[in-house]
Structures are given as C-alpha cells and as structure tokens.
Amino acid sequence: MKKFYNNVLGGRSGSIGVIILAILLFAILPMSLDAFRLNLVGKYLTYAFVAVGLVLLWGNSGVLSLGQGIFFGLGGYCMAMFLKLEASSVENTKIQSTPGIPDFMDWNQITHLPSLWVPFKSLPFALVAVAFVPTFIAFVVGTAMFKRRVGGVYFAVITQALALILSLGIDGNQGLTGGRNGITDLRTLLGWDIRTKSAQYVLYFACCALLIGAILLSRFVLSTRMGRLLLAMKDKEDRVRFSGYDVASFKVFVFCLAAAMSGVGGALFVLQVGFISPSLVGIVPSIEMVIFAAVGGKQSLLGAVYGTLVVNAGKSLFSETFPQLWLFLMGGLFIAVVMLFPNGLAGIFDSIGSRFKKRSLIKALPKTTEVTVVELAETGGKS
Amino acid sequence: MSETNFLLAIEDLTVSFDGFKAVDGLNLYVARNELRVIIGPNGAGKTTVLDLICGKTRATAGSIKFKNCELLGMAEHKIVHSGVGRKFQTPSIYENLTVFENLELSYPSGQSVFGTLAFRRTAEVIARIEEVAESIYLKDQLDIEGAFLSHGQKQWLEIGMLLMQNPEMLMLDEPVAGMSPAEREQTAELLKKICENRSILIIEHDMDFVSRIAHKVTVLHLGKILAEGSMAEIQNNEKVQDVYLGH
Amino acid sequence: MFNIPITCATYTSEEIRSIFIMQGFAGLSLFSILLLMALGLAIIFGQMGVVNLAHGEFMALGAYMVYLCSQITANHFPAFQPYYFIIAIVVAFIVTALVGALVEWGMIRFLYKRPLDTLLATWGLSLIMQQAFRSIFGAREVTPTLPEWLMGSFKPTPTIDIPINGVFVMGLSLLLTLGVYIFMFRSRTGLHMRATVQNRAMSSAVGINTSLVDRFTFALGCGIAGVAGAAFTTIGSTGPDSGSRYIVDTFLVVVFGGAGNMAGTIVSSFGIAQGQSISEFFLEGTMGKVATLMAIVVILMIRPQGLFPSKVRT
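If you're matching them up, the sequences are chains A, B and C in order.
According to this note's numbering, the stretch in the first sequence is residues 1267 to 1649, in order.
According to this note's numbering, the stretch in the second sequence is residues 633 to 879, in order.
According to this note's numbering, the stretch in the third sequence is residues 242 to 555, in order.
I should point out that these hints are in silico values taken from the structure, not numbers from a laboratory.
Think of the CB as a built atom: it goes at the ideal place given N, C-alpha and C, for glycine as much as any other residue.
One or more hints might be untrue.
Unchecked claim - Quick list of simulated restraints, FRET-style, between CB atoms:
(1) C:Arg429 <-> B:Asp644: 39 to 47 Å
(2) A:Ile1614 <-> B:Gly747: 33 to 41 Å
(3) C:Gly347 <-> A:Gly1619: 26 to 34 Å
(4) A:Ser1620 <-> B:Asp644: 35 to 43 Å
(5) C:Gly347 <-> A:Ser1355: 55 to 63 Å
(6) B:Ala663 <-> A:Arg1278: 51 to 59 Å
(7) B:Glu756 <-> C:Ala504: 23 to 31 Å
(8) B:Ala759 <-> A:Arg1414: 36 to 44 Å
(9) A:Leu1393 <-> C:Ile540: 48 to 56 Å
(10) B:Ala814 <-> C:Met443: 48 to 56 Å
What the hints assert, rightly or not - Which residues of chain B face chain A? A few of them, derived with a C-beta cut under 10 Å, are:
(11) Lys688
(12) His713
(13) Arg718
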C-alpha cells in the first residue's frame, strides 16, 4: 500500500495533485458547465491522452514525435469502424443500393464490405484493435528507427512524413475510409444511443476515469528504475548504452505506450464527438498535440491535462471572436513556450511554489542558516 | 585467428575516416590483472582504440578478442555485459540524478525493459552501492545530485559506476585530468586497489601518475605502436623521446 | 485490400513515348522547385543543423513579393510590364533574405543548441507567417501577371508539348545551384561559412565574426527559398498555405540526400521528383504522392544516413 502511495500516487505532493485534478474533472466542471460545454471538455480531454503520452516520450525520454495524430487517428478509426457498422445495419440502410454497408461505400458504388472492415463487426475485436493497432505500428516504426539510431530531428521529420502519408492515404481512399469527410453519422454502441445527453455524461466520466488511470500508469512507470533510466537516457544516451542497457528497446517501449494511450484517446474522441476524419490524423493536429504538452510543462503529467484544456479553451474562445488573431496567438504560443517558458505551466507553478517555500523557511530560521536554506529551497529538496 | 590466453587480444586493427587512418594495423595484448597505460601524442589514436574496443566506433579491419570472444560487430550493451567497462574522457555521469541513483543504474541486473519495471531496491543492492561509494570516496555524498559534484568527484563517480558493473576489464580515458595532486594520489590508490582482480587499460598524459601505477606502458604514434615496455624502458627510449616525452 | 485506382487506357507507342517525355519533363520542373527549396534548406539544416519548419513560408513570401511587384507594375508603371519579372525575382531574394536575417537575430540564434526546440519555434513562425499572408493578401490564391515571353510552349514534335515556363524554372534552378556552389566553395565568404560550421571556436579565434556568419548563412538559405517561390509563380498560384505543401517533401529530400551534402541534395531531389511525377501518372491523385513518400520513408528506415553520408569522427 505504501508502495502504491509513493510510486503510483506520487507521495504527498503527487497525491494532492491527482486529487485536485479529480475534483476538477469529476465535480467542478460537470457542476458548472452545461451539457454542450462539458462535451467539449470531454473532447479536449481525449487530446490530453496524447499529451500525457508525449510527457513520457518527449519530456522524460527526449524523443519528439510530430506524428502522434497517427495513433490517435488509428484508435479513433478502429472505434468508428465498429460504430459505423452498427449504425449501418440492414434495417437502417434499406434505402441504399447495397444495404448493410456504410453509406459512403454505397456512394462509391461498392457492393460488399471490404475484408478490412469485417472483423470490426465485433466489439471485443474493435476494443483490442483500439490499443493494439497503434501499438503495433509504433513498434514497427520505432524498431526500424531506434535500432538504427535515428533520433532527434530526423525522427521528428519522419514522424511528420508518416502522419502526412496516413492522412493522404485515408483521404484518397473514399470507398474504404470515408475519405476526406471521414466516418460520420455514428449512432449506437451495442444498442445504447451515444448521442443522448445522459450517454454523453457517462462517456465524459468514463473518459476522465481512463485519463486519470493513464496518468497513474505513467506515474508508476516513471517511479520504477525505468523512469530513472529514461531521464538518464535523455541526458546521456551513450553513457546509458555503456552501462549495459539496450537503449533502442526502451525508446520502442515508451513509443508504444504513448501510442496506445493516444489510440485510447482517439476512441474516446469518436465516442464523445461522433465522427473521425483525416483532419485529426495529419501534420497539423499532431504538432498541436505537442504544444498541449509543452504548455503544460513537458515533464509534468498533470500539466499535460491542464495545458490541453487551456490551449483548447483558448482556441475555442479566440477563434469565435477573433479568428484572425488566433493563428497569430497560436504561433506566438509555440515560440513563447520554447523561448520563455520551457517548463510550461508546471514550471511557473513550481517557481511560485518554491518562492513561497523559501520565504517561509527563511522567516522561520535564524540568520546564519539563511544560505543553506536558500540552497535547499532551490534544489526543492528533490530526491 | 589464434587462441590466446590474454584477456584482450587486438590484432591488425585498422579504422579509417574518409581516408585518414586513425588506427593502422595495431597489435596489442593485455594480460589478466594487468594495469596497462597507453601514452602518446595527440592524434595518436589512443581514444580511438578505446572507442573501437567498446563498440563506439566501427573498425574497418582487424580483430578484437576479449576472453577469446570477438568484439567487433557486437552491440555496445552486449560488450558491456561481456565484461568491458569504459570511462570517457570528459566525466560522463547523469547530472540530474543523485550519486546513489547514478550507481544504482549501473547495477548489472534488471537491465531489460521489463527488468527495469520490476527492479527492486533490495538490501543487497543498497549494500553494494554503499560498498562501491566507500571505495570511490563518495560515501557521504550519496544524496547529492551529480551536477553538484566537483570535477574530481565526477571522475570518481564514473569509475564507481563502472565498478558496479564488476567488469573484468576497465578502460579509463584520462582519469586524473583536471584533478588536484591530492586527488591524483587518491585515484592512484583506488586504481591499485581495483586492479587486484581485473585488468585496467588507461590513457594518460601525467607521467608521474603513470610511473606510479603502470605495470607496462604502450606508446602509440600515428595509429601504430611505437614502443612497449616498463616505464623506465620507455622513458629511455630515443624514439619516444623524439616524438613525445622530450629529452 | 487497398483499392488503388490505376489509369488504364490504350496509347500508341508514339504517344507513350511522348507521355514519358512530358511526364519526365513535368518531373524536371518539380525537380527544379524541389532542388531550389532543398538547396536553401540544405544550407540551413545541413550546414547549421537548424530545422526551419517555416522554410515553405519563406518560399511563399518570395512568391508574394513577385505578385506584389506585378501589381505595382500593372498599376503604376504599365510600360515596364515586360521587364519587371527579373527585377521581381531579385526583390524576392532580397526581401526574404532580410526577413531571414531578422528571424535569425530575433529567434534562431538563441536556439542553436536545441534542435527540437527550433523545430517547434519555427513551426510557430510558420503559423504566424501564414496568418500574415492571409491577413495582408487574402485567403484566396493569387497569381502575378506573367510576362509574355514566359507563356506558351514549344513543340519539337507534334505530340511533345514543352512549356516555356518549365524551361525557365529549370534554367533558373541550375543557374542558382551553380551560383551557390561557386559561392560556397570558391569565395572567401563561403569559406568563412563552412569554417564556422565546422569549427566555431577556431573560426572565432582567427577573427571570423561567427554570429554575423550565422545570420548571413540563414539569410542566404531563406533568400534561395524566396527565389524558389518566385520560380514557383510561373507554374502555379500562391496562397497562404502554399508553403506547407512542399515542406515535408523538401525535408525528406534533404535528409534522403544525406544532409550537408550538396551533391546528395541534387541527386535526391531529382530522384524524388521523377519518382513522384511518374507515380502520379499511374496512380490516381494523392496516392502517387503517398507511394513516393512511403518509398522514401522505407528507404530512410533502412538507410537513415541518406544517399551520401559522410563518416566523421564525432
């Protein structure tokens, strides 16, 4: 139990952080927002899954992926395929030339369900696919790249290219994937209508629970030897190798874990928003997800959630009232986070916190020990 | 390639970078429990030899046999597992982890992906860390972050990290560079102690230090061996005086 | 599984030959554009290690400058119309180089040791530039009025139709490549640039003003992108997001060729451009581009150093 407290919850300060987040997500937001806005928050929280993955991958392991949209999208499409098949029952589609297949296939004169879609008739398969498909792709790509020491900028550019490839591939195959419009008009999950308000509430809470679960899982990983190893790897990859570790396999592991989380986020997105399209898979959304993590503080798991909420809320607010201004702000945000706030919101929060600590510590002790106290406060008593 | 009871047998080792031969047909043999020092002018290829042994650089030709096992072409972490430890020229420790954590990461079990997830900081691990920390004069600094150590202490920590791995051959690149005379004294003691059950290969420039610890000295020049022998023999060798030591 | 539409039609052998020649030529036009873009990027990325995701926007800036010159000439100096284009290209170069220098001074120079951060910061810059284009020039695509001598095509045979603007773009690219080569490898400034990149401390010690050289190098790379943009106006219209259309391709070209190597960049842009135009002919629409991109990525995964890597002691 003590281990759980220390490692998964993060000791005293960690648990307080998780509890505050839980209170915000489970109590404060549902009570103060109407159903429509809460659904919006739910949507933002699905992006937070990707941001949390990026905290593990980028913040802690130093691997920047500009293509996390790939995994978000793959998870989303897997879930969408199941839901679309359910919504395209023979009963619902009797006006089509070929009933029983999704509408966009009918428009493309397709007469029978492509074999890729057939297994998605089963919910267990789709659920497994949501996590497995992104993980598998991440495993293949990661192994190919990391074993060959492709890292840093090269890796980032290639993930960008892969995001482009996937979004173009989906875009250009309307008969198979719904093309640019994506997969829309989703209705029920095993008979339960996901479009109703009550369903949206349930899905929102499910999303929050899974997100907190993802954060706790990440906390656990970071509390193990692997966590220390990832930090060491980020600092001095060569030294880690020469301490006897196969660096590539660790990068692959974290890449796969981040991919799986993103996939789950994508599936939850589809459930709450009701559609998926290649616009969520390509270069632009992938880089945006990076900024969510960066604004929160790329080494802070809780920060990732706050960063996602803040940036997306800002986006909704500004693009309604000042659409021209928004892109300027967004661009400026990228630059500001890199040059002025490298530790994001979490960094700002920490420095305010330590300033209070310093002041109260100094007040409490006699003058002679002031110097040591300042040193201690500066290191934050980090272990 | 011949059978050998040397711990390390390098034969005909060559590496060229875009035509420039940093190491040129080198033959070098190190016995068990030997402390060998490699000296030579800059650009002689000393660090490159260590790079080749530990796998940091790929050789163009030749063979490196460690305990009769060919090291060329092996992955770096596998070379480490076979018993070779390497210390770099500039202290290469994990700055944002504490001394304890630095040493703990080098503990040689639980190094696979799932091994690290399942690794437990048992009493055995803690005892070993404290033992090594004591021998590298950092027993009281276990909770200090690497970044706050002095230059000399960082060198010792790196040696400590290698000792944790319990290698059969330790390779040190300029271990006393930047150290005060007192620290050099302590390092010499440390090296003499740990040489008792392993071989050590050292690159150094400080001749006093070398004469205090070396069993045998190898002089490298332009990627080849210029001379080999005891410190006294080397110091009296004319070719070595011309090229490196001065008269 | 994947329904890849392939154009099936019957052609005479004469027509097939012509198709190949014209597609080959279209490939050459694409090659020239990619080459110009990649040249600028190779200088910035290959030489300095800076990843400029806003490189496409500098290209767009050059194109917009030509458009601006076209508008000014049409409205104020109509007699000048046939001659403005060459001057516009020069203007495009100067303006983009100046903006590049400003960006280096204000942002890039703080991020030299942090390549991943440069990536993000230049992405932010690209968003800002795109929105600036949108606000100033409008969201719709614009085209400058091209001079008479660029229009039309010449027909060596009845079935082969080679557009003049394509020839112009190619000629410009080759000229510029040659110019850059001579500058980098035969001039004193070029020597300073290469020296600074290879050994900053020594260059500084012998009196080279390394920060000025950095600014100059970055500005040069951007200037070349500006010329690419100017050339681009002869074969396509320019909109606020024209820059982002080619940025990924350009990076792949540079990485594929072995960053830092000019010969590699040339070979790489040629190969990729030809590959893309040929596959675009046989595979409909975007799938041609997808096929080419996938081929590049797969090859890069097998051989990440690119075509012409250099083995250096790190």
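Hint check results:
{"no.": "1", "hint": "C:Arg429 <-> B:Asp644: 39 to 47 Å", "in the structure": "holds, 44 Å"}
{"no.": "2", "hint": "A:Ile1614 <-> B:Gly747: 33 to 41 Å", "in the structure": "holds, 37 Å"}
{"no.": "3", "hint": "C:Gly347 <-> A:Gly1619: 26 to 34 Å", "in the structure": "holds, 32 Å"}
{"no.": "4", "hint": "A:Ser1620 <-> B:Asp644: 35 to 43 Å", "in the structure": "violated, 59 Å"}
{"no.": "5", "hint": "C:Gly347 <-> A:Ser1355: 55 to 63 Å", "in the structure": "holds, 59 Å"}
{"no.": "6", "hint": "B:Ala663 <-> A:Arg1278: 51 to 59 Å", "in the structure": "holds, 55 Å"}
{"no.": "7", "hint": "B:Glu756 <-> C:Ala504: 23 to 31 Å", "in the structure": "violated, 58 Å"}
{"no.": "8", "hint": "B:Ala759 <-> A:Arg1414: 36 to 44 Å", "in the structure": "holds, 40 Å"}
{"no.": "9", "hint": "A:Leu1393 <-> C:Ile540: 48 to 56 Å", "in the structure": "violated, 36 Å"}
{"no.": "10", "hint": "B:Ala814 <-> C:Met443: 48 to 56 Å", "in the structure": "violated, 35 Å"}
{"no.": "11", "hint": "Lys688", "in the structure": "holds, 7 Å"}
{"no.": "12", "hint": "His713", "in the structure": "holds, 6 Å"}
{"no.": "13", "hint": "Arg718", "in the structure": "holds, 5 Å"}
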